[in-house]
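Next come the chains, spelled out residue by residue.
There are 2 protein chains.
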Amino acid sequence: MDPMPTQFDPPSGTRDFLAAEFEARERAFATIRSVFSLYGFEPLQTPAFERLDVLLGKYGDDGDKLIFKILRRGEHEASGEADLALRYDMTVPLARVAAAYGSQLPVPYKRFAIGPVWRADRPGKGRYREFTQCDLDILGSASPLADAEIICAVHDVLSELGVGGFSIQLNSRQVLTGLLSVFGVPAELGAGVLITLDKLDKLPADEVIAELAARGLAPGAAAELVAVVAAPDAGSQVASALKGSDQGTAGLDEVRRILDLAAPLLPPERVGFSPRLVRGLSYYTGPIWEVTAAAVPGSLAGGGRYDHLIEQLGGPDVPAAGGSLGIERILLMLPGSGTERRARLDVAVPVLSEDLAARSFALAAAARAVPLRAGVYLGSSGKLGRQLKWAGDQRARWALICGPAEARAGTVTVRDMVSGEQTAVPAGDIGRHLAQAAASLAPADAGEAAVRDGTDTAAGRA
Amino acid sequence: MDPMPTQFDPPSGTRDFLAAEFEARERAFATIRSVFSLYGFEPLQTPAFERLDVLLGKYGDDGDKLIFKILRRGEHEASGEADLALRYDMTVPLARVAAAYGSQLPVPYKRFAIGPVWRADRPGKGRYREFTQCDLDILGSASPLADAEIICAVHDVLSELGVGGFSIQLNSRQVLTGLLSVFGVPAELGAGVLITLDKLDKLPADEVIAELAARGLAPGAAAELVAVVAAPDAGSQVASALKGSDQGTAGLDEVRRILDLAAPLLPPERVGFSPRLVRGLSYYTGPIWEVTAAAVPGSLAGGGRYDHLIEQLGGPDVPAAGGSLGIERILLMLPGSGTERRARLDVAVPVLSEDLAARSFALAAAARAVPLRAGVYLGSSGKLGRQLKWAGDQRARWALICGPAEARAGTVTVRDMVSGEQTAVPAGDIGRHLAQAAASLAPADAGEAAVRDGTDTAAGRA
Numbered sequence: 001m002d003p004m005p006t007q008f009d010p011p012s013g014t015r016d017f018l019a020a021e022f023e024a025r026e027r028a029f030a031t032i033r034s035v036f037s038l039y040g041f042e043p044l045q046t047p048a049f050e051r052l053d054v055l056l057g058k059y060g061d062d063g064d065k066l067i068f069k070i071l072r073r074g075e076h077e078a079s080g081e082a083d084l085a086l087r088y089d090m091t092v093p094l095a096r097v098a099a100a101y102g103s104q105l106p107v108p109y110k111r112f113a114i115g116p117v118w119r120a121d122r123p124g125k126g127r128y129r130e131f132t133q134c135d136l137d138i139l140g141s142a143s144p145l146a147d148a149e150i151i152c153a154v155h156d157v158l159s160e161l162g163v164g165g166f167s168i169q170l171n172s173r174q175v176l177t178g179l180l181s182v183f184g185v186p187a188e189l190g191a192g193v194l195i196t197l198d199k200l201d202k203l204p205a206d207e208v209i210a211e212l213a214a215r216g217l218a219p220g221a222a223a224e225l226v227a228v229v230a231a232p233d234a235g236s237q238v239a240s241a242l243k244g245s246d247q248g249t250a251g252l253d254e255v256r257r258i259l260d261l262a263a264p265l266l267p268p269e270r271v272g273f274s275p276r277l278v279r280g281l282s283y284y285t286g287p288i289w290e291v292t293a294a295a296v297p298g299s300l301a302g303g304g305r306y307d308h309l310i311e312q313l314g315g316p317d318v319p320a321a322g323g324s325l326g327i328e329r330i331l332l333m334l335p336g337s338g339t340e341r342r343a344r345l346d347v348a349v350p351v352l353s354e355d356l357a358a359r360s361f362a363l364a365a366a367a368r369a370v371p372l373r374a375g376v377y378l379g380s381s382g383k384l385g386r387q388l389k390w391a392g393d394q395r396a397r398w399a400l401i402c403g404p405a406e407a408r409a410g411t412v413t414v415r416d417m418v419s420g421e422q423t424a425v426p427a428g429d430i431g432r433h434l435a436q437a438a439a440s441l442a443p444a445d446a447g448e449a450a451v452r453d454g455t456d457t458a459a460g461r462a
Numbered sequence: 463m464d465p466m467p468t469q470f471d472p473p474s475g476t477r478d479f480l481a482a483e484f485e486a487r488e489r490a491f492a493t494i495r496s497v498f499s500l501y502g503f504e505p506l507q508t509p510a511f512e513r514l515d516v517l518l519g520k521y522g523d524d525g526d527k528l529i530f531k532i533l534r535r536g537e538h539e540a541s542g543e544a545d546l547a548l549r550y551d552m553t554v555p556l557a558r559v560a561a562a563y564g565s566q567l568p569v570p571y572k573r574f575a576i577g578p579v580w581r582a583d584r585p586g587k588g589r590y591r592e593f594t595q596c597d598l599d600i601l602g603s604a605s606p607l608a609d610a611e612i613i614c615a616v617h618d619v620l621s622e623l624g625v626g627g628f629s630i631q632l633n634s635r636q637v638l639t640g641l642l643s644v645f646g647v648p649a650e651l652g653a654g655v656l657i658t659l660d661k662l663d664k665l666p667a668d669e670v671i672a673e674l675a676a677r678g679l680a681p682g683a684a685a686e687l688v689a690v691v692a693a694p695d696a697g698s699q700v701a702s703a704l705k706g707s708d709q710g711t712a713g714l715d716e717v718r719r720i721l722d723l724a725a726p727l728l729p730p731e732r733v734g735f736s737p738r739l740v741r742g743l744s745y746y747t748g749p750i751w752e753v754t755a756a757a758v759p760g761s762l763a764g765g766g767r768y769d770h771l772i773e774q775l776g777g778p779d780v781p782a783a784g785g786s787l788g789i790e791r792i793l794l795m796l797p798g799s800g801t802e803r804r805a806r807l808d809v810a811v812p813v814l815s816e817d818l819a820a821r822s823f824a825l826a827a828a829a830r831a832v833p834l835r836a837g838v839y840l841g842s843s844g845k846l847g848r849q850l851k852w853a854g855d856q857r858a859r860w861a862l863i864c865g866p867a868e869a870r871a872g873t874v875t876v877r878d879m880v881s882g883e884q885t886a887v888p889a890g891d892i893g894r895h896l897a898q899a900a901a902s903l904a905p906a907d908a909g910e911a912a913v914r915d916g917t918d919t920a921a922g923r924a
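For the protein sequence lines, the chains are V and W, in the order given. Using the numbering used here, read the first sequence as starting at 1 and increasing by one per residue. Using the numbering used here, read the second sequence as starting at 463 and increasing by one per residue.
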């Protein structure tokens, strides 16, 4: 059980990220940015809030209720009215940006966005009111190459992050529409039938058939539909079933085209056609896809083509495809995400008396120039033992001791905090000495790069 | 004049950051994180909003009016009441975190925070309602070494960012209090006198003296006070004036100690004692400092010791020192911050027919493996000329052309988009060829690192 919240906890459904967790998240975000950038996707950052009228009405009644609204200010505060609202997703801001900067944006506009969104959902395990979304979208291309590029980028991100055992299921709304048509499903039942079909992963086939029949489908048609989409050779069964539907055949051709493009670049088990994939959101118009991993319920990522959504959201009428990584869920899967004991410093420098402080200060600066993370003792004890305990608490790899004896001799005692070994080093050589010591611990050339990204260091990994 | 706002602009006082500007900002933030990390400061990220009662009453009446309040939700929305509010600064959340995680935090707790804060100020040139704050603080150390470490870290950040011609002025609240005491300023006039003294940078000395007299200071004392703090040899004048004040002398000793620690590490012109430095905020209790640059009005950074503030803000009673970088202002000073034409891709890959698309797709993947930023043409034209224009619009350095002739020959035509030169390369060698071409453009080893941080590449810089 979680401890009772106190007055010092962050607001319900939000989190404080202390160093280890922050750094694990930042590492993942940096990987994502790097992969998306290799695909030519550009970053976009929009404000945390939008005008309320930009958001309201875009997410349905249920969504609207989850929008955090910001009270008007000054004399208008007393009205109790809101004029702004925290962003609920990255897509409505994208539509606004597409409308605002049309001519400045490349065509197609390939953008990614990683940042917090806010929803006043009931907080629960893994469900937050402030959480990070990670979207990539291509506006202005109707080509299935765009869909394939998005799928490959998502694959590469998951692979680079070290997510194991995932696979990408691909389908098309056109295939689903075609199936509904050849199985004689009345248009008004279509949406409900798809919702039921989507349950094939969770329910036995006969329950799904019963639910389809309860929705008004002829029992024979329901059984046949389920048999086709759930068949082990669903691909060829769907293909022959769709012979009677131009739309379905076109959708299937598009799926095959995307697989022809993406499959050679990905391990064969990673991607395939899945005619039972539905994806809940009604705005999809073409190819749809979802990433799942055996070990994890639900999906790790998903997306598809949504050719009219940007216009419905207030933007220009452009064809569009995109996807979203369930980054909060993915972060939970990554090894060592924030729980490992992390080194705060590589080099800890005791300060043994006031008149030796400047020497300690200069030693820390020399260590930083390596570059290694270094800090001087900032407490009030003058005792070396106490200060070495502090160095241990920082999980520093080395302590640089400069007491009166060392000051007279012009040396520094370098203490290896792991082995306890101590070496006297001329004060002027300390930078070179530490650089060599760090290099001998770390894989070649990892030292500087690791320090540069501010998250990990040679000594920290050792 | 700015264009009139449209319905697609971001809310008043906020900004959208498109790719070039986003990347310039991210580069600066990465530099800051890296330097702070070398000093052993840890990142901290708190939620965008806090409970309203955590924020209210912490910023004075004027500050309270600038807080963005979030309306209660669901059945409580109609009440028009707020229960949450967007964070106004990084310090109140720090106090809350210090209270919440006390035992989990290292002692001292050295943390930095870079992120947006929100203030409902009237927007103006360089004044935003959503802007980035960049703070570093040390909680739990009363040592002047902490102040010196903060000053050195701020110096290193500005220097690494490439900010030119800046200098750090150092003073102490204790010095100021001592001066007020030796010049016989009544306690109730102290705050006002300091506000006036702070104007010595902007007003002629006689106007400052007149204003001090108007505040009730004896005209002789006012002239003498100004003469001391504005003297070219203010350091020694202040020292002799403070002989009558234990507090002032202690403050001056602390200033000297910080200079003794920091000055050897910094260029000599970068830091000095400035007895006329006041800094407006009343919470400072010891050393204070400010960074200015000749070319820029106002300060680039500032901070000081504030030993009781964390407790006043709801945290534990710990000594503390910290500083804040005026990062929005600093970003404006940096060369090429977002205005340069940036390359969107290094490698652009035309798609000359549907059946050649998979080859183009694989070529782009080979370029990414270099790693270079690469994308295929996603438009509808089949014409090479049109697609090469797209490659130019992307400012790609190379286009990889694979038409029917190349497909038959098993080659790729690599077009240098700058020289127009075209080379036939065996398809299997394309990765190696591009890696060599990129290496010949870039300074040694810059290629991969540049791509890795997702902001710039060998080809983009060439």
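Hints are computed from structural coordinates only; laboratory data are not their basis. Fair warning: this is a prediction, and the values are worked out from it, not measured in the lab. Where hints are given, some of them may not hold.
[What the hints assert, rightly or not] A short, non-exhaustive set of chain V residues, derived as facing chain W with CB atoms under 10 Å:
#, residue
1, Phe22
2, Leu56
3, Lys58
4, Tyr59
5, Asp61
6, Asp62
7, Gly74
8, Ala78
9, Ala120
10, Lys125
11, Asp156
12, Gly184
13, Gly235
14, Phe361
Idealized CB from N, CA, C, for every residue including glycine.
These are the hints, each one checked on the structure:
1. For V:Phe22, the interface hint holds, the least distance from its beta-carbon to any beta-carbon of chain W being 5 Å, beneath 10 Å.
2. Checking V:Leu56 against chain W: minimum C-beta separation of about 13 Å lies over 10 Å; hint violated.
3. Taking 10 Å as the C-beta contact cut-off toward chain W, the hint placing V:Lys58 at the interface is violated, the least distance being around 14 Å.
4. Contact between V:Tyr59 and chain W, as hinted, is not supported at the beta carbon level, the nearest pair being about 14 Å apart and thus beyond 10 Å.
5. Against a cut-off of 10 Å between C-beta atoms, the interface hint on V:Asp61 is violated, since the closest Cβ of chain W lies about 13 Å away.
6. Annotation: interface hint on V:Asp62 violated; nearest CB of chain W at approximately 12 Å, more than 10 Å.
7. Interface hint status for V:Gly74: upheld, as the beta-carbon distance to the closest one in chain W is roughly 7 Å, under 10 Å.
8. Interface restraint check for V:Ala78: the shortest CB-CB distance to chain W comes to about 8 Å, inside 10 Å, so the restraint holds.
9. Hint on V:Ala120 holds. Least Cβ distance to chain W is approximately 5 Å, under the 10 Å limit.
10. About 18 Å separates the beta-carbon of V:Lys125 from the nearest beta-carbon of chain W, more than 10 Å, and the hint is not met.
11. Taking 10 Å as the C-beta cut-off, the interface hint given for V:Asp156 holds, the closest approach to chain W being about 8 Å.
12. With its C-beta approaching chain W no nearer than about 33 Å, V:Gly184 sits outside the 10 Å limit, and its interface hint is violated.
13. The beta carbon of V:Gly235 comes no nearer than 19 Å to any beta carbon in chain W, farther than 10 Å, and the hint placing it at the interface is violated.
14. Proximity of V:Phe361 to chain W holds as hinted, the smallest CB-CB distance being about 5 Å (cut-off 10 Å).
Checked against the numbered hints above, the structure breaks hints 2, 3, 4, 5, 6, 10, 12, 13 and satisfies the rest.
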